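Put the complex together from the two separate chains, hints included.
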Amino acid sequence: MSSKIVLPCGISRRNLLVGSALAGLLAPVLRMRDAQAGPTSAPRRVILVFSPNGPMTAAGPASGTETGFTLHDWWKPLERHRAESIFMSHLSSTGAGIVPGPQGLAEGHGLGGGCFNGHGTMPNDEYMARGESIDQVIAKRLVAENRAGVARTLAWGLGSGSYDAFTSTGSGTPKPIVPQVSPEEAWKALFATFTGTGATAEQKARAAAALARKKSVLDFVNQDCAALKSSLGAEGTRLLDEHCSTLRSMEKNLSLPGVTAGSCTKPPSPPTRSWTDPELVDQQMGAFNDLIAMSLACELSHMVTFQLGPLGARNRLAARYGVPSSSTVDSGDSGPAHHPWTHQPKTNTNTVLAMKIFTTFYAEQVALLVDKLKTTIDASGKPLIDSTMVLWISELGGAPGNENAHITGSVPAVLIGKGQGLFKTGRYLKGPSNGGNPGNVDGGRMMAQLLVSMVQYMGLTNVNTVGATGVNGPLTSLYV
Amino acid sequence: MKHRVGLCALLGAIAACYGYEEDALPEPVPATALEGTSWPLRYEGSPSSLRRLSRDELVTSMREVTGAAPSRTSFPAEPRQVDGPLLTGGLAYIATEVPTLQTAVSEFTTAIAPKMLSGTACKSTAQGQRDCLQKWALAFSERVLRRTLRVDEGAKLQAVLASADGTVANDLSVVEDVLTSVFLSPSFLYRTEIGTPIPNRAGIRKLTAIELSTRLSFLSTMAPPDAALRAFVSTGGLDDAQTRVREFNRLVRSDLGKRAVSVLVLEWLGANEPSLGKKSAKYTDGLPQDYENTARLSADASIVRALFDGKSATLASLFSQNLDASDPVIAAVARMQGMGATVTGDTAETARTGLLMHPQVLAAHTKEDGVSPFQIGVFLRKNLLCEAVSPPPPGATAKALPDVPGQSMRENFEHKVSVSGECKGCHAQFAPLGYAFLPFDPVGRWFARDVTGKAWDLKGSIDTYSGPISFDSPKSLSQNFGQSVQVQGCFAQAALSWSLGRRLVKEDNASILAIDEVVKRTNGDVLEVLRTIVAAHDFTTAVAGKVNP
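As you go down the protein sequences, you meet chains W and F in turn.
Numbering-wise, this note's numbering puts 27 at position 27 of the first sequence, and it's gapless, one number per residue.
Throughout, this note's numbering is defined as the position within the second sequence, counted from one, plus 480.
No lab work stands behind these hints: they were computed from the structure.
Just so you know, these numbers come straight off a predicted model, no measurement behind them.
Don't take every hint at face value.
Rough simulated footprint, nothing fancy, chain W against chain F, three-plus residues with beta-carbon under 8 Å [as the list claims (entries may be wrong)]:
no. : stretch
1   : 623 to 634
2   : 663 to 677
3   : 748 to 758
4   : 776 to 784
5   : 976 to 983
We put the CB at the ideal spot given by N, CA and C, even for glycine.
Just chain F, same shape as in the assembly (with noise of 0.2 Å):
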């Protein structure tokens, strides 16, 4: 072995530190459970060869290759897992989606086809124009598709591209066409991570030049590789753990790279998808209309502030910067408005700091209609702790005590819960989280007062696997979230299953260290795990899918 002098040679294995040599590649961590890693870890992943692109990588992608975004709501949604950020391996299109797709795909097409006719400056006549729109398809297929055309597929592109013939309204059918064509195809629509065999590796494939660039690049920017990182595929530069961190550091401080971290940072946190349209109108009314689509993009701006413009990029930036007050959407929830039991604006006692006070997450985890407190609760445990969450006996909702007039929201959801001490200990777990979370409405309005008039109490303790976990406010839960090493390591696992695809299995422990070791050591610092597990050996390879031959 030639591992270079540093902190990850400890741990022998692990490819956190750029630069080994990938002549004297680390002996494999034994598939077996690992204990003491920093969040409760779990099994829970199938591999699969194959990877749906997801809605947001669509859109990036078709923008990256057209310069024009088809609109993400018109493609199918994908199917959610229950728990934790959108993973697409193993999931493929059913036949109720296809032609929704088509339709999508469509559309976008015929409203582009001009723009991209003129692009191709294509001028000619007859066979000239087909020989020019042939050549701007075949580069333009190459690079949608990621991979170099078949003989037979440049045949069939032939045939798409039959009746060009220098004619306006012919040009555009066959640009259309073939933007169907390739938008359509399979080869875009997933990824595949197939690789070829690693000779005593039985499971383990070594990922192709293209595969590894493909992943890099999907995991730093959301689209296919730019021409830099093309360039990589024919020397197979990317093998090399220092070039693909230095790729990966070039990609993620572009503008595509700001927004794919935005984006795995709010699927960790459940709030990728719009949510505040769906809340009742009596909470929505004031708000402007365009608050759907302004509250994203102030919550990306909040995340690219608390990661890329100060000085560590750690969760504790991401959970304890101070929201933007000028911000319009966080002004929006935040100015005092209201009389009496019903006034709502920050105050002191708001101190609306942190990702998890946006109106954008907070949204993703309330009812249409009123406070959650269990659902955030139940959220907050088992995303950003890691820690499971039985679900309710049949018939507890039914068992639930009737509130008691006079009392507060909190001494009435704790009430409801105390019919026995099986709801009481199971509640214990979560509903302390949520209680502190009770002063926000559905769209992050701070209520003064409870509806009763009391003061807020909104202090709670919890025990986890990484021990007791106080608080006496949603400000500081917040920031001992961002700084508990647990909520840090549960962040890393999110991120190493989003760059996979797929959630983790035992012949991940390379990487699964490799991730801990950097949560502890950088205090949970999200381009820092990005990195390490862009370098990991692992990075290169794929567990075979179950039933790959």
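With the rest of the complex left out, here is chain W (with noise of 0.2 Å):
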């Protein structure tokens, strides 16, 4: 994998760092441009997240009713943020049956890979999407109305691979967005010349001032846990350690650097590594899930794409994840990565482990990104993922009779991230596909509603479709 920094927005390296300088200027400027519900509203952020292959699987992350269902064990990591997520299942892939593909109707990871664009694939190429995905479509706009930030997107991911999730038409022609992988390069892009702190006093003392009101509510509430526990002896050690410690690591987290109030401070670089090692894959999204908060805090950037692998990608995890070998397959791949097993059938127990893995590794990253979008306070004083949607969908889904790999119906989204009190979270939400392929087309424009929810969400009320799906206007199920 090239390790060359990737700048999808059409800046300069130079321009960017520059930028990055400037950033601690420019920051109150840019946030007034985004304020318009008061003085202390956080400007909005999207990030978007992209799994690839799917979980080959038509049941998705839940099952039950509206308020009352179970999230699916391989989709448990997210639990945590349960109250704040709206999971999805039996979705298609964006523009199934009405997007056109080389051959007729795209399918496969030719359809999936568009997920975020809607556009349909390009006669000579089934992998790449005619048109731009929607980061693309939120960071003009941006631009355009001076509410971007120095970096307009930030393209970041793990894995490596010849397609990518996320597209852009910069000079005319579809182009795919190579995502910066090296957390290292990431850094000296954004934050080598930086010093900014990107608040100002006022804003300083405000989210100060909310920190510290965190920990005195946390201060009570640890005491009691403490006390509880101790009257209770021996019985209240084995029932209350977990929850007395939870509570204590949620206060210890309010004093971790980085974590102070509007910080905005400049992180430590990352460690010069071979990033592309899937051994260190643990540490490299760390690294991210780092850059991106505080890209987020000190309102580099308000729109992040991360891959976590591209389209169909062979991408591989730490040996402790023990992922099982597979033989070679009829797509030419083998070995203990995720992309060859979705090439063996689900009658092979090794399969469902290595999608189990896989779907659970991308889930706990996702969990741990937000993890870090709720400790991390931005200027206004409160936590980032107040103003930050997390939306994370596959590339393809299943079938609950068939759920053999590459079906773009049946397809898992989950939108986190409450909006400012846009979004109706705590939900599960069922759409009309049961897998096949291209999969249902009302699900494929419900993915798509999806993506027009995530465009209006960033201020482009104007925009009431993405690609060539057709659609007209967003997902109001997700609403209050």
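Put into structure tokens, the structure is as follows:
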């Protein structure tokens, strides 16, 4: 994988670095442009997360009723963010049955790979989307309205491969946006010459006060937990230890460097590593989470894309995850990687095991990212998650009867964040798609409407469609 | 011994007669296995001094102290044991639940802070405002935490109040923080029953006055003690059984009390959680959008009518009282719909009587998409008869014989399990109970005919601990269950477990004997069972948690 710095927004590296240095100066001005609801409003942000290959199951993240649902095991890491999330299953890939592909209607990786753009694929390249993805649509508007931050988008990710989920049309021809996979290089691009603090003295004081309040509350609660635990003797230790230690961790997190109010401090540079080594995947993700949070807190950007692996990724995880090794499959790949297992039938128990490991890993990374958004306070004195939407969608889905790979029906989606009170979270929404290729047309429309909701959340309220899907408006069931 | 004369004097140790004198405590019933109870008694409990408030208790408690109710679904759902009502003794929050809990509390306190600030009537500035809010915060905290604050807690509360100054923005933040602090405190989220040692009764502890008033209040209303009940804490008045029963009678007749009894009954019937929304769209299409919520309210109303508005509060009335045909919830499933083989609607044959035929209950024991005679049969046998049902052996499903075309649903179900004598014998324990409910679809509509067009065959008979029970329809099954002393005793056991937050142990024998006696004497009067539990001397004690020193 190339380690070149990718600047998807058309800003030169030099300009970006200069911009970084000016961020502290510009940030208050940019915030003023963003602030529409009052002086303490935070700017809105979106993080689009892509995971490759899909889960090979129709069931998706949850089952049950809209409010009385159970998260399925593979998505359990997100249980801790249940209250701020909307879990969706049985959607189809964006534009299913509507957008064109090279041989008639697109399906498989071709359609799934266009999940963030809804344009279908090029006549001569079934994996190349015809148009730009929504991060680019949003970024252009943010730049035009002088509220983009320093980097109009951040395109980061894990893994490596030929095809990427996000596309730009900077010169008229669609091009994949190759994500930066080195946290060290990502840091250099944004923070190497960063000098600003990103917050005025007043904002910092307000944020510090908010943090002090949180500490006071947790201090009171922690003391009560300790006293109750003690009064119950050995039984208290057995029963309440986990509850109390979780509360202590929450309080401790408020005191961590970088989690101070309106912090916007310059983060330390991640070390030089061979970041494409699968054994470093946890450190790589942790470093990116820190950088995403600080970039948002410093208002260097409001639009982030994160690719957990490119289209049809042959990505691998650290050995400790125990991914079984696949024999060579018809697509030609093999080993303890994601994609070859999707070419194995689900009657092979190792296929299910591999799908479980990868899906759980993706869910855990999204959960860790949200953890960071919850504990990082922005200049308005509130956690980033209050104003940041995280949308995680997959390339493919599955089918109940024939759960082989490369099916663009029954695609899952997870939306996290209340969007400053816009979205009604803590719910499970089930779409109409029950699998198959290309998947239920209405399920594809729902996915497209979900993307429109993200675009409109960022203030592009006159944008009602995405790509060539033909939808006209956002997904109304998401809202309060 | 100075027991008053009464029926319960026969049992000596039983406190079912209100009014024994506390200076003459009954001799404890030996902690050995009892025989001859009206239901098959099993000792499966594991006592604990800690009890997590259920979501129903959290919502009721928070509404009682603030006047506004948080969303029940915003709180982490309790892990449930497979059988019986939700029991939260020994249940603590795990790490992944704490952030969800924090979010739920935070959202609630943000929403209600303006109203609560207004309610403090504090309109001063600077230190004067802080002093006023401090006074309010102390009183509010003690009410919510159900105890007096420690000195160091008062100081920490002062820290929370530090930024109050009489400006709306700062005072709102402070009030929100006070609310968050107390609602997130484990002293609120859990109940403790630690008690004090009783001489010569190892492992049994006498509840403190606060613990006793809390136990009585939560059993009666699912909420913390009100002012009248709190007044007994300083006097120790609740040590007196008559006083406890009088207070129970007062509380249980309030709206909160009726709701608490409804929750207990629905927990016993496995129907306290919403389930109608989980059904396949082909069944829910045509039902009102808020049907899940209104069905619950309708079930509550049916229970209240059966237990509070009639001459008796027995299970017989609960299981045989006509459901209100004018109730929109009943009417939605009872009206005639469909054509030919898909005609649904209540007829004379349906005879929709009793809570078991209420959509809220039927939906709780049916699959998402089709009939579930084995599921409902197993449930009735385990939870209403308190009989054990062995799980199917490995590979049992794969052995089931395929359907035979042209046979009715019942014939095919019977055919499926006829693969061996072992399968038939096991299913004979519960399947007939489920077959009686075959005509109901997952939301409670009654299909006029079997899918083959044949008439329903709903009759059946099962052997039970107390003898055979026969029936020829869901109506006669319900009526027979309502009259069955075994079912009544099984309910009484569930109620006693509910009051203790755990399953029973041999140390509960005195209470077990008392409820057994009252079941037999009153034909399963639900309120009388609860009164007996409250009156029993065991209600004032706790079996110590196993690892509690």
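Here is what the structure says about each hint:
no., hint, verdict
1, 623 to 634, "holds (count 4)"
2, 663 to 677, "holds (count 7)"
3, 748 to 758, "holds (count 5)"
4, 776 to 784, "violated (count 0)"
5, 976 to 983, "violated (count 0)"
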